[in-house]
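Protein chains in written order, with full-length UniProt numbering: chain W, 1 to 241; chain A, 1 to 241.
Rather than coming from a laboratory, the hints here were simulated on the basis of the structure. There may be inaccurate statements among the hints.
As the list claims (entries may be wrong) - Once the Cα atoms are required to be at most 30 Å apart in a straight line, the calculated DSBU-like pairs of lysine-lysine come out as:
(1) Lys-237/A x Lys-104/W
(2) Lys-191/W x Lys-204/W
(3) Lys-237/W x Lys-194/W
(4) Lys-104/A x Lys-182/W
(5) Lys-235/A x Lys-211/A
(6) Lys-237/A x Lys-101/W
(7) Lys-182/A x Lys-112/W
(8) Lys-101/W x Lys-112/W
(9) Lys-237/W x Lys-211/W
(10) Lys-114/A x Lys-211/W
(11) Lys-114/A x Lys-164/A
(12) Lys-194/W x Lys-112/W
(13) Lys-101/A x Lys-164/W
(14) Lys-211/A x Lys-104/W
(15) Lys-202/W x Lys-101/W
(16) Lys-66/W x Lys-45/W
(17) Lys-164/A x Lys-194/A
(18) Lys-164/W x Lys-202/W
(19) Lys-237/A x Lys-164/W
(20) Lys-211/W x Lys-182/A
(21) Lys-194/A x Lys-101/W
(22) Lys-164/A x Lys-112/W
(23) Lys-191/A x Lys-164/A
(24) Lys-112/W x Lys-194/A
(25) Lys-204/W x Lys-164/W
(26) Lys-164/W x Lys-164/A
(27) Lys-235/A x Lys-112/W
(28) Lys-112/W x Lys-237/A
Stated by the list, open to error - Looking from chain A toward chain W, a few residues come up when the C-beta cut is under 8 Å (computed):
(29) Phe-52
(30) His-56
(31) Ser-96
(32) Pro-99
(33) Ala-142
(34) Lys-164
(35) Lys-211
(36) Gly-215
All C-beta atoms in this analysis are idealised placements derived from N, C-alpha and C, irrespective of residue type, glycine included.
2 protein chains.
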Amino acid sequence: MEYQTFLDNIYVVFVEAETPGNIGFLARAMKNFALQNLILINPCKLANEAYFQASHGRDIVNNSLKFDSLGEFLEEVPIDFVVGTTGMPGGSYRLSRIPLKPEKMVQSINSKGKIAFLFGREGNGLSNEELELCDITVSIPAHPSYPVMNISHAAAIIFYELFKNLYEFDVEGLEEASLVEKNYLLGEMDKIVKNVDLPPHKIKTANRAFKNIIGRSFITAREAHTLTGLLRRIKIKMGQR
Amino acid sequence: MEYQTFLDNIYVVFVEAETPGNIGFLARAMKNFALQNLILINPCKLANEAYFQASHGRDIVNNSLKFDSLGEFLEEVPIDFVVGTTGMPGGSYRLSRIPLKPEKMVQSINSKGKIAFLFGREGNGLSNEELELCDITVSIPAHPSYPVMNISHAAAIIFYELFKNLYEFDVEGLEEASLVEKNYLLGEMDKIVKNVDLPPHKIKTANRAFKNIIGRSFITAREAHTLTGLLRRIKIKMGQR
Numbered sequence: 001m002e003y004q005t006f007l008d009n010i011y012v013v014f015v016e017a018e019t020p021g022n023i024g025f026l027a028r029a030m031k032n033f034a035l036q037n038l039i040l041i042n043p044c045k046l047a048n049e050a051y052f053q054a055s056h057g058r059d060i061v062n063n064s065l066k067f068d069s070l071g072e073f074l075e076e077v078p079i080d081f082v083v084g085t086t087g088m089p090g091g092s093y094r095l096s097r098i099p100l101k102p103e104k105m106v107q108s109i110n111s112k113g114k115i116a117f118l119f120g121r122e123g124n125g126l127s128n129e130e131l132e133l134c135d136i137t138v139s140i141p142a143h144p145s146y147p148v149m150n151i152s153h154a155a156a157i158i159f160y161e162l163f164k165n166l167y168e169f170d171v172e173g174l175e176e177a178s179l180v181e182k183n184y185l186l187g188e189m190d191k192i193v194k195n196v197d198l199p200p201h202k203i204k205t206a207n208r209a210f211k212n213i214i215g216r217s218f219i220t221a222r223e224a225h226t227l228t229g230l231l232r233r234i235k236i237k238m239g240q241r
Numbered sequence: 001m002e003y004q005t006f007l008d009n010i011y012v013v014f015v016e017a018e019t020p021g022n023i024g025f026l027a028r029a030m031k032n033f034a035l036q037n038l039i040l041i042n043p044c045k046l047a048n049e050a051y052f053q054a055s056h057g058r059d060i061v062n063n064s065l066k067f068d069s070l071g072e073f074l075e076e077v078p079i080d081f082v083v084g085t086t087g088m089p090g091g092s093y094r095l096s097r098i099p100l101k102p103e104k105m106v107q108s109i110n111s112k113g114k115i116a117f118l119f120g121r122e123g124n125g126l127s128n129e130e131l132e133l134c135d136i137t138v139s140i141p142a143h144p145s146y147p148v149m150n151i152s153h154a155a156a157i158i159f160y161e162l163f164k165n166l167y168e169f170d171v172e173g174l175e176e177a178s179l180v181e182k183n184y185l186l187g188e189m190d191k192i193v194k195n196v197d198l199p200p201h202k203i204k205t206a207n208r209a210f211k212n213i214i215g216r217s218f219i220t221a222r223e224a225h226t227l228t229g230l231l232r233r234i235k236i237k238m239g240q241r
């Protein structure tokens, strides 16, 4: 896998976790995106709840590394780019809290170096001093009435943004229909439309409506094939060839 | 708010929730995006855990509506568009499991009607019969080794995609610098660059490098202002005007 190095270079850092369940949920979200390096800064005790909520990600909890402080971690592991997360972005006078949305964050990271994503704490988030250590601060645009997200929810969204263009569904036959396949389908419909006694100006409209919905539907090759077969049978039942 | 009707029209449907904590986490994610309508189909008992994990979203748990079956809900509430979610997308022969990625899902929904998002169950997901009732099926592209996400994680990602272009950070002074402000900054740097005894061909390169990083940095007006002030002071210290 060409992106294995990228994955290996990502460190997920949970600062002063207060509840084992949240460590577990974070590990599960990491596992969903094949991230492995979990760093715990001065965490609560790792109770059973952490392993239970991690589900298939309990190996990540097992292999997590503990440090007493964020500074100690950053001294020990040579991180090239530190991304802070906050649910409390700041305006123009709090330079370290000026937030990027997750999509822009992805554009600004260099995929060749070691990257750390900092999350924490459940209660108070990252401190201003911790955000000062970060190269950028990312925040998720939520509703102003309650923008502070659960840590594993925020992490899942950020991981999703990182990998949404990299990961594909592991199933077959999802190719969108080709132009040829789509035109074949439209051609069959056209033959039917011309034989249901529509006034001429409505023939064009009907074909256009069908073309529009096919165009907007991300139709797969198999779906196009199925519909083309159906139209052919309709055509025959109508007495056409 | 112009999008209040859109919010009011969204129903989040949790099918056969098995653990109260997950109901709570789902409610919290809904609260972050100002969603209010939680529907529980044949759920487990609502223990304290549900209210605790909901955090500021406990009103959503309180106001949730229960139905015995998905069919009963769909008969009672006139939903215009049903979105199923699955961590187990299917290939071309399982038409109801052909997945859209969240971004494409957003393109295909009509923001004027009532929309239901179906999540569930923790163990086995939605059944084929339930997915048959859906207009589209959405799935999150995760790593093939473990693509099944926690329900509230999947929900958070889908809500995020729905609102990421709608919600803005509730802080002031985040406007990107205007062209004029950026050019003023580049101009100050240019005066400095021309006075540090660089060979002529390196003057252009230095200016270009600075322009590149400014261009890629989504610099805010305030940051541009701060840097321009700094450069002006440097210039003065160097004996320039």
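Verification of the supplied hints:
no. : hint                  : result
1   : Lys-237/A x Lys-104/W : violated, 36 Å
2   : Lys-191/W x Lys-204/W : holds, 12 Å
3   : Lys-237/W x Lys-194/W : holds, 15 Å
4   : Lys-104/A x Lys-182/W : holds, 19 Å
5   : Lys-235/A x Lys-211/A : holds, 18 Å
6   : Lys-237/A x Lys-101/W : violated, 38 Å
7   : Lys-182/A x Lys-112/W : holds, 29 Å
8   : Lys-101/W x Lys-112/W : holds, 21 Å
9   : Lys-237/W x Lys-211/W : holds, 23 Å
10  : Lys-114/A x Lys-211/W : holds, 26 Å
11  : Lys-114/A x Lys-164/A : holds, 20 Å
12  : Lys-194/W x Lys-112/W : violated, 58 Å
13  : Lys-101/A x Lys-164/W : holds, 8 Å
14  : Lys-211/A x Lys-104/W : holds, 19 Å
15  : Lys-202/W x Lys-101/W : violated, 47 Å
16  : Lys-66/W x Lys-45/W   : holds, 11 Å
17  : Lys-164/A x Lys-194/A : violated, 44 Å
18  : Lys-164/W x Lys-202/W : violated, 42 Å
19  : Lys-237/A x Lys-164/W : violated, 49 Å
20  : Lys-211/W x Lys-182/A : violated, 46 Å
21  : Lys-194/A x Lys-101/W : violated, 37 Å
22  : Lys-164/A x Lys-112/W : holds, 27 Å
23  : Lys-191/A x Lys-164/A : violated, 41 Å
24  : Lys-112/W x Lys-194/A : violated, 34 Å
25  : Lys-204/W x Lys-164/W : violated, 39 Å
26  : Lys-164/W x Lys-164/A : holds, 15 Å
27  : Lys-235/A x Lys-112/W : violated, 36 Å
28  : Lys-112/W x Lys-237/A : violated, 38 Å
29  : Phe-52                : violated, 11 Å
30  : His-56                : holds, 5 Å
31  : Ser-96                : violated, 12 Å
32  : Pro-99                : holds, 6 Å
33  : Ala-142               : holds, 4 Å
34  : Lys-164               : holds, 6 Å
35  : Lys-211               : violated, 17 Å
36  : Gly-215               : violated, 12 Å
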